[in-house]
Amino acid sequence: MRDTGGMTPQITLREAVVEFTADAYLETSLKTTLLGLPWRRRTSPRTIQALRQISLEIRGSERVGLVGPNGAGKTTLLKVMAGIYPPQRGQVHVEGRVCPLFEFATGFEMEATGWDNIRTRALLLGMSAREIQEKISEIASFSGLGEFLDVPVRCYSSGMLLRLAFATSTAVEPEILLLDEVMAAGDASFIHRARTRMDAMMERARIVVFATHVLDMLPKMCERTIWLDHGRIVLDGPTADVVSAYLDEVERRRD
Amino acid sequence: MLGVGWILVQLVLTILAVGVVYGNLLGQDLRTFLPFLTVGLVVWAFLTAAIVEGGQALVASEGYIKQIGLPIHVYILRFFVSVSVTAAINLAAYALVAAIYRVPLGWGVLWAIPGFALLALTGLFLVTIFAHVNTRFRDATHLAGVALQVLFYVTPVIWPAAMLRDRRLAWIVDANPLYHLLEIIRQPLLSSRPATVENYVVGLAFAAVLGVFAAVIVASYSRRIVYLL
Numbered sequence: 011m012r013d014t015g016g017m018t019p020q021i022t023l024r025e026a027v028v029e030f031t032a033d034a035y036l037e038t039s040l041k042t043t044l045l046g047l048p049w050r051r052r053t054s055p056r057t058i059q060a061l062r063q064i065s066l067e068i069r070g071s072e073r074v075g076l077v078g079p080n081g082a083g084k085t086t087l088l089k090v091m092a093g094i095y096p097p098q099r100g101q102v103h104v105e106g107r108v109c110p111l112f113e114f115a116t117g118f119e120m121e122a123t124g125w126d127n128i129r130t131r132a133l134l135l136g137m138s139a140r141e142i143q144e145k146i147s148e149i150a151s152f153s154g155l156g157e158f159l160d161v162p163v164r165c166y167s168s169g170m171l172l173r174l175a176f177a178t179s180t181a182v183e184p185e186i187l188l189l190d191e192v193m194a195a196g197d198a199s200f201i202h203r204a205r206t207r208m209d210a211m212m213e214r215a216r217i218v219v220f221a222t223h224v225l226d227m228l229p230k231m232c233e234r235t236i237w238l239d240h241g242r243i244v245l246d247g248p249t250a251d252v253v254s255a256y257l258d259e260v261e262r263r264r265d
Numbered sequence: 124m125l126g127v128g129w130i131l132v133q134l135v136l137t138i139l140a141v142g143v144v145y146g147n148l149l150g151q152d153l154r155t156f157l158p159f160l161t162v163g164l165v166v167w168a169f170l171t172a173a174i175v176e177g178g179q180a181l182v183a184s185e186g187y188i189k190q191i192g193l194p195i196h197v198y199i200l201r202f203f204v205s206v207s208v209t210a211a212i213n214l215a216a217y218a219l220v221a222a223i224y225r226v227p228l229g230w231g232v233l234w235a236i237p238g239f240a241l242l243a244l245t246g247l248f249l250v251t252i253f254a255h256v257n258t259r260f261r262d263a264t265h266l267a268g269v270a271l272q273v274l275f276y277v278t279p280v281i282w283p284a285a286m287l288r289d290r291r292l293a294w295i296v297d298a299n300p301l302y303h304l305l306e307i308i309r310q311p312l313l314s315s316r317p318a319t320v321e322n323y324v325v326g327l328a329f330a331a332v333l334g335v336f337a338a339v340i341v342a343s344y345s346r347r348i349v350y351l352l
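If you're matching them up, the sequences are chains A and B in order.
Taking the numbering used here, the leading residue of the first sequence gets 11, the next gets one more, and so forth.
Taking the numbering used here, the leading residue of the second sequence gets 124, the next gets one more, and so forth.
Any given hint could be a false lead.
[To be verified] Partial list, computed: chain B residues near chain A (C-beta under 8 Å):
id : residue
1  : R261
2  : R316
3  : V320
4  : R346
[As the list claims (entries may be wrong)] The following label-pair restraints were derived from C-beta to C-beta distances:
id : chain 1 : residue 1 : chain 2 : residue 2 : range
5  : A       : R62       : B       : A331      : 35 to 45 Å
6  : B       : H196      : A       : A198      : 34 to 44 Å
7  : B       : L327      : A       : R214      : 27 to 37 Å
8  : B       : A331      : A       : T31       : 26 to 36 Å
9  : A       : D126      : B       : Y350      : 46 to 56 Å
These are computed hints drawn from the structure, not numbers from a lab.
Ideal Cβ positions, reconstructed from N, Cα and C, are used throughout, including at glycine.
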């Protein structure tokens, strides 16, 4: 994939702007569009500014936290870094093999077995066929799904799907690890094992950027934190400072 | 393996049903009509799948596209390969039919190779175009499916083109690029001869037009397609 060949992984954004067109206003039927029904009231599509001119630089071996209220743009920013959303304006430059861990609820071949889903996901995450061969039994055993792996995943519960996706995605050797609140589900024992595995993965990665609402964990995990609100960077600095400023603001808004 | 089996069962049933009914209806000799019919149906099934299944390439990959920043063509190629593998299996079934009915075989059959290449290219362009268009307009492949059904009746797949020519309706056949594409594969396989120059020219021109269209769509929409999912 995007192997740097020994170069220092880094992420650079320059005045990156991301806008979404609100789905509800976009006509998705070709029939209606071609017929153009003139008596229908036309509404111009509304755009939502998800990121407004974000500039930042992450290099070397930094661990960066992202905080902010829902809808602040944390996930969008991570997806820009992952190369999923190309910004409408501004530049993004990422060097290093990116491993995105966003949500584990989608990205399955429902008719395929657990084994095949491990292979598909691993391939798409940039693992080579050989790497998969080497790791697949470890992935399978971590997932704890046992004989269920022989069954099409449409028969899985959401917890089982999560285990499968998590086990596969965390087997990647990342240079840049992007995390988005991934620790939300699974039973108690799995959460504990997942925590350990995630920590090990974060150790292996050179750069880690993660969005979270669990603020008391942050100072232990990262030295730098970025506070986002309404698609803008409010504050970017040492975790302790940013978190206390953010908490003050949350407190102030409550009053 | 049962999955592969089903592809063949479906093809064999269609050939038998259409072959016996239409072969007799049109007064055809079944020994030449069944191989003719098989090639036509295999090619037609490939084109239909490229549009209808290939059209889902990006919509069905939404879960991956929104999670992993891979280039969009990965998902398009993935669907193209799956559609092509099905077609290859169907072609194996043709080989069986050809053997049973002793279709004469000469070196000229190698003319089918450029034919397959052109067909594959056409299929790839169709998957690319419909995968993108269908992401923007979710009813695009449905409409294309309806259009294909109409086209199926005016394209010489289950009836020989010569029958229309005899009735002075040759233009219906000649104006249809799909007919020329079919001939480019059918002639070498059935008679070990190349198709006509006209067939090749129209077939190439058709693929070229689709290719340009696909290239324009990729250049202008591929990178932004994630915003439409």
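Query raised in the report: In ascending order, which of the hints set out earlier in this document are inconsistent with the structure?
Result: Going through the list in order, the structure violates hints 2, 3, 7, 9 and respects the others.
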